[in-house]
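*Asks:* Each chain is listed here by its residues.
There are 2 protein chains.
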Amino acid sequence: MENIFEARQENLKKKLIENKIKGLAVFKDENIFYLTGFYGKDTGSIALITKKETVLLTHFIHFEQAFQSVSAKNTRIIKFLGQKFNKLSEILCEMDIKHCGFEGSGISHDSFLRAGEVLKESGIEITNNPGLVEDLRLIKDEYEIKAIKKACEITRDTFEFILKKSSDKIRKFSEIGLAFEIESSMVKKGASGRSFDLVIANNRASSLPHHVPSGKTINVGILLFDLGCKYGHYCSDFTRTIFLDGQKDSKNQDKLKKLKQIYDIVLQAQVKAAKACRAGMTCKELDHISRDFIDEKGYGKFFGHGLGHGVGLEIHELPTVSYNDDTILKENMVITIEPGIYLEGIGGVRIEDIVLVKDGGCENFYSDSKALMVLE
Amino acid sequence: MENIFEARQENLKKKLIENKIKGLAVFKDENIFYLTGFYGKDTGSIALITKKETVLLTHFIHFEQAFQSVSAKNTRIIKFLGQKFNKLSEILCEMDIKHCGFEGSGISHDSFLRAGEVLKESGIEITNNPGLVEDLRLIKDEYEIKAIKKACEITRDTFEFILKKSSDKIRKFSEIGLAFEIESSMVKKGASGRSFDLVIANNRASSLPHHVPSGKTINVGILLFDLGCKYGHYCSDFTRTIFLDGQKDSKNQDKLKKLKQIYDIVLQAQVKAAKACRAGMTCKELDHISRDFIDEKGYGKFFGHGLGHGVGLEIHELPTVSYNDDTILKENMVITIEPGIYLEGIGGVRIEDIVLVKDGGCENFYSDSKALMVLE
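Line order of the protein sequences matches chains A and B.
Be aware that the first sequence starts at 1, since it is given in the working numbering, and climbs by one per residue.
Be aware that the second sequence starts at 1001, since it is given in the working numbering, and climbs by one per residue.
None of these hints come from the bench; they were simulated from the model.
Please read these numbers as outputs of a predicted model, since none were measured by experiment.
Among the clues, some could well be false.
[What the hints assert, rightly or not] As a list, the in silico DSS-like pairs of lysine-lysine whose alpha-carbon atoms are at most 25 Å apart: (1) A:K41 to B:K1028; (2) A:K301 to B:K1087; (3) A:K165 to A:K150; (4) B:K1087 to A:K169; (5) B:K1330 to B:K1301; (6) B:K1014 to B:K1149; (7) B:K1149 to A:K28; (8) B:K1272 to B:K1251; (9) B:K1149 to A:K188; (10) B:K1216 to A:K41.
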């Protein structure tokens, strides 16, 4: 079988030709992994893809690791110590490349300018060629789908394990303590860690889509979980909202009743979109299926974000599934479907699945029931 | 007392005058927190600092959180939904600012170009003004020193707790399992989480300075811990190398003997630098105190990284304490001192402290003994 990284490099080479560049310098960690198999966080490495070969330029301290993780035969690994753009310049000169594309979406403006100055000294011109690898990553290959599925499975299994606890037991945790318990459980099940800072949001806090879990003990009422882990460097993303029963708190009964009504609306909006999702429709068409329904029910202005986003090596990647995105969904894109309604000062509900887009439909990576759940 | 964020903004305003810009658009999460008190990860927010006021531009979904965390009276919070550069353009027009500095070190080259196009339509010119906030962050204020100290205290206490375990008990963990146990313990002690992906490196893996912990069970021999947590958004960084005793493994006795000799060299190199560190010397002078000693002992080429780095809101920030950095150390800089020797295929030793630079000396934030430790 062909090496998967070489296959991806081949696909990128077609884009080099389309963009009339002889080489592309890639800077983003995830893109470097996608093309070479070397995963480092903020290592400052560069993957240079040319028509003939690939060069992975990495700092001395990452060299051995890079060496162990790169399997493609056409990929040379070169270490630098200090000035990486000087090293890049040397390599481009050797290859007689006088014009090199730069992944301008993966490098800071300031670094781009500095690189430009260094390369100019050797007569090399650089241009901004952003997003070429992201374009490839839009469509997931078999290996990627398997990894994302496994990350989703670990996340859902962990959540089901949490649901087996009683309301009393959950209310012994703080938000941050529960977040940690969940991450620990995901790691025990084989994840390498969380795919983002987990959200555990109780009552009022659930109206903040990106709430940072606090040290406050969890209370009776609404509890939103936004969870995700990494498996083989691929992310899962998963949101469920549940209710915790306990000692009655009469003054909040009205709020809870309202939140349960909202739960029903969000769930219907979510299910409708998941049922409609298929290759050939645009992202905004899909977004509008949930959005129009929520709008009809009178909560349109409380759904202040897009319906979803791509998931893969990054927790948020292309496509952007929002009300104004014209991207056409294609087979083997992996996206979230996550409508929400947020009432400031009261609470919020969000329900999120991950689906694999197919011709004529989609495959949902989570099979659990999303019926309203009240833990006793 | 003056609001700390307003005080920092005042310091930045002096830099605006020096750089002849009327406003500075700041993009980096940590810099936005430093100036406004709003901490978000990848929120795409912008802090616009002008001579008169500060505007925090944030997405709809982060607005309530931003609102709750900003205390400076002169800071307006404005939400955007969609095109943030259009909103920035509107605000700059209102303020009659026709030339705005951009933090080019905190925005991708591609985004810089897109922003430039949008702002040009309103006759606004942008320029690259990188690193202005980082310059301020070099010198830590009282609040920052307290937070870093606390993060260091939690990390050291956690490590001491681990050291109370027997070699047998530690050898029940995998590298990744132990990393997780440590993070969990740091969170229980009040940290909000790890400050980087913790390194637990056993035997051969310890020769990789940035080893990713594996699922392999820990074995008798050398064990390197590179740990850090966050407290109040500030980071700690801490490396210790220990030896695990157990069933004798005769074929590795020679390797272990060598690693113990190396331990002694690294420790002496570390202590020499920590003793010499004081305001007024350059980073490269400090680096050379450790480096020259390791060199004399014949291991110079196995110490393949700088002596240290600044620590604060980011785990790696300025100054870069390396063999070619001319930065002069100043009072209230916080840096790591972490020499290491790495023998490929055998193992490595690194010992790391964090110190607060003072006139005439420095304060070490870790007070534990670093004498060679063999756990039985």
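*Asks:* Any hints this thing doesn't respect? Which numbers, in order?
*Replies:* Hints 4, 5, 6, 7, 8 and 9 are the ones this structure does not satisfy, whereas the remaining hints hold.
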